[in-house]
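Model the full structure from these sequences, guided by the hints.
Protein chains in written order, with the numbering used here: chain A, 854 to 1194; chain B, 854 to 1194.
Mixed in with the good hints, there may be bad ones.
The list treats identical chains as interchangeable, and a pair is accepted whether it falls inside one copy or across any two copies.
As the list claims (entries may be wrong) - With a cut-off of at most 30 angstroms between alpha-carbon atoms, the simulated BS3-like pairs for lysine-lysine come out as follows:
#1 872 - 976
#2 876 - 1073
#3 966 - 872
#4 876 - 966
#5 887 - 976
#6 887 - 966
Please keep in mind that the hints were generated in silico from the structure rather than gathered at the bench.
All of these numbers come straight from a predicted model, not from anything done at the bench.
2 protein chains.
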Amino acid sequence: MNDSTFQPIHEIGLPELVKRLEKYQGIPRTEIMKGSGDDAAIFSTHGNDSLSVATQIFMEGVHFDLTYHPLNHLGYKTVTAAVSDIYAMNTRPFQLLVNLAVPNMHSVQMVEKLYEGIELACKDYDMQITGGGTTASHQLLAISVTAIGKGNSEQVIYRSGSVKGDLICVTGDFGAAMAGLRILMREKNEWREKGDHHFMPDLANYEYVIKRQLFPAARKDVINMFGDNGITPGAMTVVTQGLVNALRNIATASSLGAEIFLPAIPISLETRRVADEMEEDVDKYAFYGGEDFELMFTLPENKINELEAHFDDFAVIGKLTDQKNLLIINTGGEDIIHIDL
Amino acid sequence: MNDSTFQPIHEIGLPELVKRLEKYQGIPRTEIMKGSGDDAAIFSTHGNDSLSVATQIFMEGVHFDLTYHPLNHLGYKTVTAAVSDIYAMNTRPFQLLVNLAVPNMHSVQMVEKLYEGIELACKDYDMQITGGGTTASHQLLAISVTAIGKGNSEQVIYRSGSVKGDLICVTGDFGAAMAGLRILMREKNEWREKGDHHFMPDLANYEYVIKRQLFPAARKDVINMFGDNGITPGAMTVVTQGLVNALRNIATASSLGAEIFLPAIPISLETRRVADEMEEDVDKYAFYGGEDFELMFTLPENKINELEAHFDDFAVIGKLTDQKNLLIINTGGEDIIHIDL
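The following block contains the structure:
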């Protein structure tokens, strides 16, 4: 390292750093169908099955806050995050590995509570826990999870694979996890200001958004529905960093653009109410909020009726275009988002 | 969680905590041949290949110290640790996933340096980097790595599989990584006490042990040698937490005991010299030191000649017994270690 070059990460930002690290690929292996650049890596050895693998790390103080996150819910959420990447390839998880780095001041019961949530998630997502380890941490809790899944090689779905005119569909609704986070942070600040150890936050009116933040579920049901009904989207991804990021990924993976109709984006009433209370723009929760863990997929227009016959928790929010941009258009016909791709 | 139960982890210790967490297994899956309890998990889908997966997490301040660990060497070492688990199953790695959690004050160049070491290791160990991610950390660097390997199902080697009378063999030598750590800590303390920013530690006489600590290699050569010559040990493990821990694992996995002859344990001259300088017992470095990344395997006595014909970097240190204990016996015939198993 040249000591004269010291460029702090915040100067270029994490996304740019991640881009610079893409050049490190190791040695190309024929077992790997898809390395980095999708929700999960895809590989195989023999037979018709493809395997998928995804891994994530969660750091206390960055990705979670133990002052309001119950440990069992936190454990569940980390598994949800990893298996969402497995489902996004149209594969099904069967194996989980967990690494914990735990500060010494934590209690045995806290770690067991965390594992109870991990185990509950493994039962919900049909996974065996096969390894990893528990080690010490200097100050903060760190959790890394690795999920492995499998699926028929011909039914693996990548971010690419869309054609111009395909409709863009999403499951569930958006911005709720962000709304939940805003409420939890508000209550935490109030508790801090009041300094009252008997302070009880009033969360009764925010049950849905708080659950979406603290205890989110992966869309296993959608993957089962696809499998049961022989529906194979052209492309798919999981929405973990807001709709705009996912739309950009889905469009650029097929060298296309996207045009989204704002009123079509599903947002729950509770999410809207929170944004109103916060005097914030609810669309921004959906665009940039993150941690929705909903699926985004593309289908030709003539396949939508078939999907509707089997499933109703989805919305068509727009379509893929041959323009090199991502547009989000409001009811007045104005593009409130215009990003060159 | 019952709020009245708060047992700090240090009261029971990490090994006991790990034991308590073994009850969390998720759902048994037929794809999994071996879940937790060995060096890596083993699974398969179709065909003759078995897949192996191992994951580890490394926390700044616990597992590494950036004041003396060059980042490229650190990157290399994390991969060595993960692939050592893959080799210990007699499988070969082909895929690596990396999660980094990086404090914002770190530089782009530091992260790239770390990745240079990761990539060099992937080239040495024939792996493609297929995913993971880079995210923020509050204060300390955290690295988690997941390695995936494969091998012929009939040649996978577990910790179990030994029979009474089998000889216990080890590759390389022991305690060197610990000796290197002792030197590095001594120099760091001296630098701190002197408070001299121009302080240059004199490490010329400790090259071997420092390399073993900062830049260790996995024993790919041994696995290749086994494969090339059709040698399949009965049991195998990697020695990452000292010889005593590995011996305990190898013996108990086959419900046997072990008897080790102390003078047979290979320890380098440089390691011995460091222990002398420190006025410490060099045997303790080998017994409990850790991070040797050498392989321990068992073979019937009549197979040792065959192994010797192809390979000389190994030593027979003892044998498996039907006693329920682990004995390490010195030249005087006394058992200096006697652990009930």
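Evaluation of the provided hints:
1. 872 - 976: For residue 872 and residue 976, only the inter-copy Cα distance (21 angstroms) is at most 30 angstroms; the intra-copy one is 36 angstroms.
2. 876 - 1073: Between copies only: 25 angstroms across, 33 angstroms inside.
3. 966 - 872: between (37 angstroms within a copy, 15 angstroms between copies)
4. 876 - 966: between (40 angstroms within a copy, 13 angstroms between copies)
5. 887 - 976: both (28 angstroms within a copy, 18 angstroms between copies)
6. 887 - 966: Intra 36 angstroms, inter 25 angstroms, cutoff 30 angstroms: inter-copy only.
Taken one by one, the earlier hints all hold for this structure without exception.
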